[in-house]
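*Asks:* Build the full structure now, drawing on both the sequences and the hints.
There are 4 protein chains.
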Amino acid sequence: TDELVIAGRKFHSRLMTGTGKYPSIPIMQQSVAASECQIVTVAVRRVQTNAPGHEGLAEALDWGKIWMLPNTAGCKTAEEAIRVARLGREMAKLLGQEDNNFVKLEVIPDTKYLLPDPIGTLTAAETLVKEGFAVLPYINADPMLAKRLEEVGCATVMPLGSPIGSGQGIRTQANIEIIIEEAHIPVVVDAGIGTPSEASQAMEMGADAVLINSAIALAKNPVLMAKAMGMATVAGRLAYLSGRIPIKDYAIASSPLTGTVV
Amino acid sequence: TDELVIAGRKFHSRLMTGTGKYPSIPIMQQSVAASECQIVTVAVRRVQTNAPGHEGLAEALDWGKIWMLPNTAGCKTAEEAIRVARLGREMAKLLGQEDNNFVKLEVIPDTKYLLPDPIGTLTAAETLVKEGFAVLPYINADPMLAKRLEEVGCATVMPLGSPIGSGQGIRTQANIEIIIEEAHIPVVVDAGIGTPSEASQAMEMGADAVLINSAIALAKNPVLMAKAMGMATVAGRLAYLSGRIPIKDYAIASSPLTGTVV
Amino acid sequence: TDELVIAGRKFHSRLMTGTGKYPSIPIMQQSVAASECQIVTVAVRRVQTNAPGHEGLAEALDWGKIWMLPNTAGCKTAEEAIRVARLGREMAKLLGQEDNNFVKLEVIPDTKYLLPDPIGTLTAAETLVKEGFAVLPYINADPMLAKRLEEVGCATVMPLGSPIGSGQGIRTQANIEIIIEEAHIPVVVDAGIGTPSEASQAMEMGADAVLINSAIALAKNPVLMAKAMGMATVAGRLAYLSGRIPIKDYAIASSPLTGTVV
Amino acid sequence: TDELVIAGRKFHSRLMTGTGKYPSIPIMQQSVAASECQIVTVAVRRVQTNAPGHEGLAEALDWGKIWMLPNTAGCKTAEEAIRVARLGREMAKLLGQEDNNFVKLEVIPDTKYLLPDPIGTLTAAETLVKEGFAVLPYINADPMLAKRLEEVGCATVMPLGSPIGSGQGIRTQANIEIIIEEAHIPVVVDAGIGTPSEASQAMEMGADAVLINSAIALAKNPVLMAKAMGMATVAGRLAYLSGRIPIKDYAIASSPLTGTVV
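Protein chains in written order, with this note's numbering: chain A, 167 to 428; chain B, 167 to 428; chain C, 167 to 428; chain D, 167 to 428.
Just so you know, the hints here were simulated from the structure itself, not pulled from any lab data. These numbers were taken from a predicted model, which means no experiment stands behind them. A hint or two may mislead.
A pair counts as met if it fits within one copy or between any two copies, since identical chains are not told apart.
Result set (DMTMM-like, lysine to aspartate or glutamate): computed pairs, CA atoms no more than 25 Å apart in a straight line [as the list claims (entries may be wrong)]:
hint	residue 1	residue 2
1	K296	E202
2	K296	E256
3	K187	E225
4	K313	E246
5	K242	E256
6	K414	E317
7	K176	E202
8	K278	D415
9	K187	D228
10	K386	E246
11	K414	E347
12	K187	E343
13	K278	E317
14	K278	D265
15	K386	E169
16	K313	E292
17	K259	E292
18	K242	E316
19	K176	E256
20	K414	E343
21	K414	E225
22	K242	E292
23	K386	E343
24	K242	E347
*Replies:* Laid out in structure tokens, this is it:
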């Protein structure tokens, strides 16, 4: 069967979602369910500070079924991110996920585009890998950086399609294609996806998974959009496995006409 | 419920497929089933001449459940297309669809790109509408032609995304968007779709349906691709109904940080 | 030498411009000069009715050097366009261009997108060709319509890149490429070009000329933009003649390293 | 006047070219002249090793008029690049450019896509800036890396459009736009440009300059293409200064019709 394997852990869904930005907790719950995702990322700093929408997270989802991916959103330096990653591991334990050593590493000094710092990310990744984390770094779509991160032992790389929450879609396609071609670890397209067609496109390119938050949480109908994103992710993966037709300059008739009836 | 209505007839699926180009009849049957489509287009001339892959069509599909859409593929002039449309109506009756007056009108003098003739198509459409057909014309994505065809009473318009079988995707997006905005009849994106992301894209644009044949039939695994196309069509429709997030220049953080824990 | 030949008449410039929308007559004059264009299109109806910016056109440009291309803007039907074309011929004579039988044929029933009517355009073209006009029809980028217009004797075809004045660029590239490939008469990309890069792109695709009005007249600095458009049109033509490098998946180093110095 | 200023040095041309890959020295000379460029980059290692096409470079160009930009092509590590940069400075002196401290920094461990290493590039840049070089680093289009390089004192940043020599054009547009918006030093789009339209596009986006080698040297007619690239670079810059028209959804007629003559 076709499973996503990250740091030895198996998942049947290739869509990851988040918990932020939803209009309400019930809508978040229904959306997560509708998306059929198995991995949900949680901003550790927002939980710790009880930021709006992050209260009661322990009860909000069934952490026996949903795998938590703590993230270091809000960290501007490697040092901050390392500390928050450690807090995230404690948080996972409190939720009953004793063996959860995953961390979505975000080192983001920029507040306008929320773009990650390649140097700080690599530095933090090295440290966290040594501390036994399964590190999933959020990065610009830079193939050489992706290679470096793989070399230091990251569990995946998570190149961005376009700025977080922008809904611009995959504007780094050429570089993501190179990353996919060269990587020996899963490639998760993160940030920028706005529509199911873009989720499917990422999967058709050969991405191993996608992470989508804003496009679901901020849609007019989050639950319906969550379902759409879940279906499109599956559709894109099936298409990748199915072998698409080649792109041709000319038309191809449905079949040669062997005779005429008129 | 969200139904596609063409000439008063209701369909829950918004994906139409075809019967040509498949490696075998059983694979065609399984693909049609996997796609969950309800409308299958059939080339009348190819059936009448027993072209390869078109024998035994009467038995191949369950015409009690699948609505046949006879098409006039292979016709170079309005006159030919009109005659073949009439044959198609007879064919439908033989299959037990007594009230099936649908015809996918193709007037294609060009053999290289299989592009339709706007003048011949309009001429044939006028005649066929007067004869009581529900006419679904295959056209270039020309909004003024679409308007003319609506005015003479066509049941839908079927603008092409790119040449038949080319798999180039939707290369006429700007014009299709205008057609969708202006039309009062269903708009079906026909020809050129190569991947589920493109099927979803068409639906997200507000198309009422898509017709996909080559991209399924000629995929390495047609049955799997059929399933993917069916899912992507639904996903795109759901996204259209869900209200996508606006596209923004800048990033939007998941939530404001209200404090700090580190 | 590389000349544009339309209806037997030779031009060294491949950029056509217009006279409408400029902030003033002097800026129009300077822009036309800066663009180095040789063909300027004029809306016959606007001249006849002394619409703002169309007074004194006889004196505004040196019609001994600039070839006037009367257009039928504002005509909604074939009949109107035919009458206005005849008026245009008279207008050319008054300007001293006795042998000028050119007409840019526009049949535009649509006021929102200003898209041309394929049927009315073909009808008017047939009549005008018979009356001895050199007909340059403005059309949607429909290869089959272009072929029909060539067959009835048009001097060029002028497919649109996107709606007039929209500045959306060339959103019909796939169809324009087919038109260029199939046509035996000059292909002029008309409408939608917003930037020099788009003008150059049209020429690189093999278009014989481009017509640009709004993007020059409504730029903040029309004279400078006119110069830019003129240069880009030449650059694009030279590139077409120069034979571009093929697009490759991988990088190509500047030269093999044959040794090492460090 | 509109000049490009790098490290205090002024240039009127905004096109940089190279010396590699040309079919012959005379064609290189004519192409450089036709392009009207003022900066030509030279691979120090290829000169030192007398790689084919790099012999006699001292005599090949008029170094009293052309500013040499030594580059570190072929260097896989920061250390190598630093050594080659120093050699480049000596080379410039031998050519009579006593005050030339420029270096185009390339740290490229990857041989397939020739993509630069962000970490090694930053490391080498820091050292070279301290040694008094004007450093022009070749980078992936990563806005955060660009910022870091500006902070350590680089003279420009040179983000890539697509892999070197690939002719894929500008496939990193979104990120380059952010780099341009945020940078206080000149931004030079380097690598990937295949056509004049792409050169113009980079300049219209607000890039300060472009560097083009393969697309000229490997064109069928390099001299003509060089001229085209030079013109397009100017055209794109003029357009940037001219203020392009906004992109609109609907068409804008040339002028309101105030009356009717027919």
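*Asks:* Using 25 Å as the alpha carbon limit, work out where K278 and E317 are close: within a copy, between copies, both or neither.
*Replies:* between (30 Å within a copy, 18 Å between copies)
*Asks:* Go through the copies and call it for K242 and E256: within, between, both or neither, with a Cα cutoff of 25 Å.
*Replies:* within (21 Å within a copy, 41 Å between copies)
*Asks:* With 25 Å as the alpha-carbon cut-off, assign the pair K386 and E246 to within, between, both or neither.
*Replies:* Cα proximity of K386 and E246: none, with 35 Å in one copy and 47 Å across.
*Asks:* Since the copies are identical, ignore which copy is meant and state whether K242 and E316 lie within 25 Å (CA to CA) inside a copy, between copies, both or neither.
*Replies:* both (22 Å within a copy, 18 Å between copies)
*Asks:* Which holds for K313 with E292 at a C-alpha limit of 25 Å: within a copy, between copies, both or neither?
*Replies:* both (13 Å within a copy, 22 Å between copies)
*Asks:* Using 25 Å as the alpha-carbon threshold, which applies to K386 and E343: within, between, both, or neither?
*Replies:* Between copies, since 21 Å is at most 25 Å while 31 Å is not.
*Asks:* When Cα atoms must be at most 25 Å apart, do K296 and E202 count as within-copy, between-copy, both, or neither?
*Replies:* Neither: 33 Å inside a chain and 50 Å across chains, both beyond 25 Å.
*Asks:* Could you figure out if K187 and D228 sit no more than 25 Å apart (CA to CA) within one copy, between two copies, both or neither?
*Replies:* within (19 Å within a copy, 47 Å between copies)
*Asks:* With 25 Å as the alpha-carbon cut-off, assign the pair K176 and E202 to within, between, both or neither.
*Replies:* Result: close within a single copy only, 15 Å intra versus 29 Å inter.
*Asks:* I want to check one pair: K313 and E246. Are their C-alpha atoms no more than 25 Å apart within a copy, between two copies, both, or neither?
*Replies:* both (24 Å within a copy, 20 Å between copies)
*Asks:* Checking an output row: K278 and D415, CA cutoff 25 Å. Within, between, both or neither?
*Replies:* between (42 Å within a copy, 10 Å between copies)
*Asks:* Have a look at K296 and E256 and pick one of within, between, both or neither, based on CA distance no larger than 25 Å.
*Replies:* within (17 Å within a copy, 44 Å between copies)
Hint violations for this structure: numbers 1, 6, 10, 12, 14 and 21, all remaining hints satisfied.
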